[in-house]
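Chain by chain, the residues:
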Amino acid sequence: MREGAAMEKLLELQNVTIQSRTRPLVSHLSLTVSPGEILVIVGASGSGKTTILKAVAGLLPKGITRTEGSLFFHDKPLLHRSDWERRWKNHQIQYVFQDSLSSFCPIYSIRRQLWDAVGKDSSLNWREFSELANERAALLELTPEALDLYPQELSGGMVQRAGLLFTMLRPPELVLADEPTSAVDSTTQKKMADALLRVRRYHHMAMILVTHDMRLARYMADTLLVLKQGEVQETGPAEAVLASPKSAYTMSMLELAGMDSGEVCHVIGS
Amino acid sequence: MISSRKRRFQSCLVLVVLLLLSCLCWQWLVPFDPYAQDLGKALRPPDGVHLFGTDRYGRDLFSRVLAGGQLTVFSALAVVLTASVTGSLIGLICGYRPGKTATLLLRLADVFLAFPSMVFAIAVAGILGGGTFNAGIAIVLVAWPKYTRLACSTVLPLRHEPFIEAARMSGCTDGQILFQQILPLAVGPLAVTAALDVGTVIAELAGLSFLGLGTAPPAAEWGSMMSGSRNLLQSAPWTVLAPGLGIFLTVAVCQLFADALRDYVDEKG
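Going line by line, the protein sequences match chains A and B.
Under our numbering, the first residue of the first sequence is numbered 1, with each subsequent residue one higher.
Under our numbering, the first residue of the second sequence is numbered 1, with each subsequent residue one higher.
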């Protein structure tokens, strides 16, 4: 099932080039994301996937700058830090970090951090929020007890699942997920993917997902963007790209993942 | 099972509580009025009645040492609290929001750190005039920069941690990030420094009083008591040793507590 094919643009990148001090990281990238659409960016390590996400989130680290191009959110340009801060405060954009453990403060329990980030200014009280958190955590195979632990007390996979809970408790308009399932087994990966698809279905939430995993990409993507050393190799509707890849790089990625082009019924976890 | 570090921390905490209680409840502990003069008993050496002997006015030194603890210890605590809170706040803000103002404040801290602290405190107290309050201000002025530097250096690497970015993205204000996420992580080293500083400040306040720039007689304050008796050091050494013992014990308890706190904080991570 593929949703979110509305023509309205939620996010648009026009001819964006991002550079570090020594070299270009992303060159002349243009893309659009509509509300409810899932765009998956695939590519090898160092191809600039995370850099694109950070640029969209307004989190480019010092020394890495956007030298060309424009970003628009709801047709309004994202120029200054305040433009992003306004979207963060309104919970319009959310980022799921690759290193989930370091995205949690080490001195508070997971539950407390969920409450601080998404519960406090909701209409729920602590008890109601806590019950909702338990319910959503169960979808990701996390026990209520796990939510009361400190992040460093959880396994890598558990922290990663806990990182997705922010999105599941308060779905934003756009989620930027940086390899959110890299530390879990394929069964749990499927459950996480299903949970995200369910949130997307009910809340019409758009997502840019970065992954190496072609199977996950196939399972989740409405649109697929293949990146190699900062340059777009191929982009288009996921089914079309996977069924008949035009670039040799995409073909080699599919081959390496053990997937034949046209194998559209294969799902992760099965 | 209680770890040995925790047990040591608890023992030191008991010592600190006992010290503070003796400073607070000295009225019920002193055998004589610390201000009552009896020239007939002047300069008596320590014995069963006057445990620490008497001073040149016949005042019981044990009672004066107990009474002096309140002024000495609580002035030191007030000075440390003011310097640590002010210095830490400046450091937290400078570390979190570097810029021209932050650079200016940090350079100012460097200027203060460049002078030997006691010499600077003597100069400030000399300008402001004598008295406990002015001596306290002089020491606050020389003590705040180290907290600023420490807080700033703790915050700087935390500023770009993903969990701070995540907090910012979830709509937390700068104040919430500073006080709920960053301060609790920085508070360990700051608290240990403050605990270590209590002993130093007591010695510095006593030093200023000894030079006549702190508390003035007849108030029972350890530095001032030592200063008042310094010409009796050879003929009646107990008049200097008694308040000296007060300073020694208090500084030792503070240092032991600071060490135990540091170990305990390290263990808790």
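Treat the hints with care, since some could be wrong.
What the hints assert, rightly or not - Covered stretches of chain A, going by a simulated chain B footprint (3 or more residues, C-beta under 8 Å):
#, region
1, 13 to 22
2, 55 to 62
3, 93 to 101
Just so you know, the hints here were simulated from the structure itself, not pulled from any lab data.
Nothing here was measured: the structure is a model prediction, and the numbers come from that model.
Beta carbons: idealized from backbone N, C-alpha and C, even for Gly.
Please flag the earlier hints that this structure goes against, numbers listed from lowest up.
-> Number 1 - this is the single hint that the structure violates.
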